[in-house]
Amino acid sequence: RKEVEQDPGPFNVPEGATVAFNCTYSNSASQSFFWYRQDCRKEPKLLMSVYSSGNEDGRFTAQLNRASQYISLLIRDSKLSDSATYLCVANGIGGADGLTFGKGTHLIIQP
Amino acid sequence: GAVVSQHPSWVICKSGTSVKIECRSLDFQATTMFWYRQFPKQSLMLMATSNEGSKATYEQGVEKDKFLINHASLTLSTLTVTSAHPEDSSFYICSARPRGLAGTYNEQFFGPGTRLTVL
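Chains A and B, in that order, are what the protein sequence lines are.
Letter by letter, the first sequence follows residues 1 to 111 in my numbering.
Letter by letter, the second sequence follows residues 1 to 119 in my numbering.
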């Protein structure tokens, strides 16, 4: 059974802080990994793909550890607008499968 | 680019009626579309994979006779919830994978979702 596990939080952090959260995946055959952001009652939106070598996009850094089967997301200099639920997502080989979502980590940035 | 629309945005219906939800890729072709469902405070769960011109593939536990999927063209997939009951009330979201997108990092683009409430 393919599963993605995340700490649901909520994580309450002050504006400007750096926050990180991880997720683990159970399917060792998973090839593609993503972080999605979902705002309340909205559809998920792709935040960034996660590459094996790790990748950075502005204030966001994603890391993948295949040996331990976990993925991380680091947010620097957090903004109020970063408040959302962050979904860790895995996909199977070749992309023929639908995505497997974690339940999400709820992040609240406080002024 | 890569915009996916869904209609309706929300629907309220009586128990026993059928509801059709449309998912369209507006600026790209999608041979594969996916239907997800999300209950409150739960993760998105894949219901079925919709392939253009062929039968949909349903996930375990999803009744294919209750959730009818039609993928008649490269830009349109429909999900019909037949004989809807209150327990079918949920947020239904489709996604589309652009045709010809190869490689490992295959992204799916999501529609805005349809919130179904069955009374």
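The set of hints was computed from the structure by calculation and includes no laboratory data.
There could be a bad hint or two in this list.
[Stated by the list, open to error] Using 25 Å as the maximum straight-line C-alpha spacing, the simulated DMTMM-like pairs for lysine to aspartate or glutamate come out as follows:
#	chain 1	residue 1	chain 2	residue 2
1	B	Lys20	B	Glu87
2	A	Lys42	B	Glu22
3	A	Lys45	B	Glu22
[As the list claims (entries may be wrong)] Per the computed footprint, the stretches of chain A lying under chain B, defined by three or more beta-carbons under 8 Å from a beta-carbon of chain B, are:
#	region
4	72-78
5	102-109
None of the values given here were measured: they were computed from a predicted structure.
Yeah, the Cβ is synthetic: ideal placement off N, Cα and C, and Gly gets one too.
Q. Does Glu87 (chain B) lie within 25 Å of Lys20 (chain B) when you go C-alpha to C-alpha?
A. It holds: about 17 Å lies between the C-alpha atoms, which stays within 25 Å.
(Q) Taking 8 Å as the Cβ threshold, is the statement that the region 102-109 of chain A is covered by chain B upheld or broken by the three-residue rule? (A) Result for this restraint: holds, n = 3.
(Q) Does Glu22 (chain B) sit within 25 Å of Lys42 (chain A), going by the straight-line distance between their CA atoms? (A) 17 Å, holds
Q) Do three or more residues of the region 72-78 of chain A come closer than 8 Å to chain B, measuring C-beta to C-beta? A) It is violated, with 0 qualifying residues against the three required.
Q. Can the restraint linking Lys45 (chain A) and Glu22 (chain B) be considered satisfied, given a maximum Cα separation of 25 Å?
A. OK: Lys45 (chain A) and Glu22 (chain B) at ~19 Å, within 25 Å.
Checked against the numbered hints given earlier, this structure breaks only hint 4.
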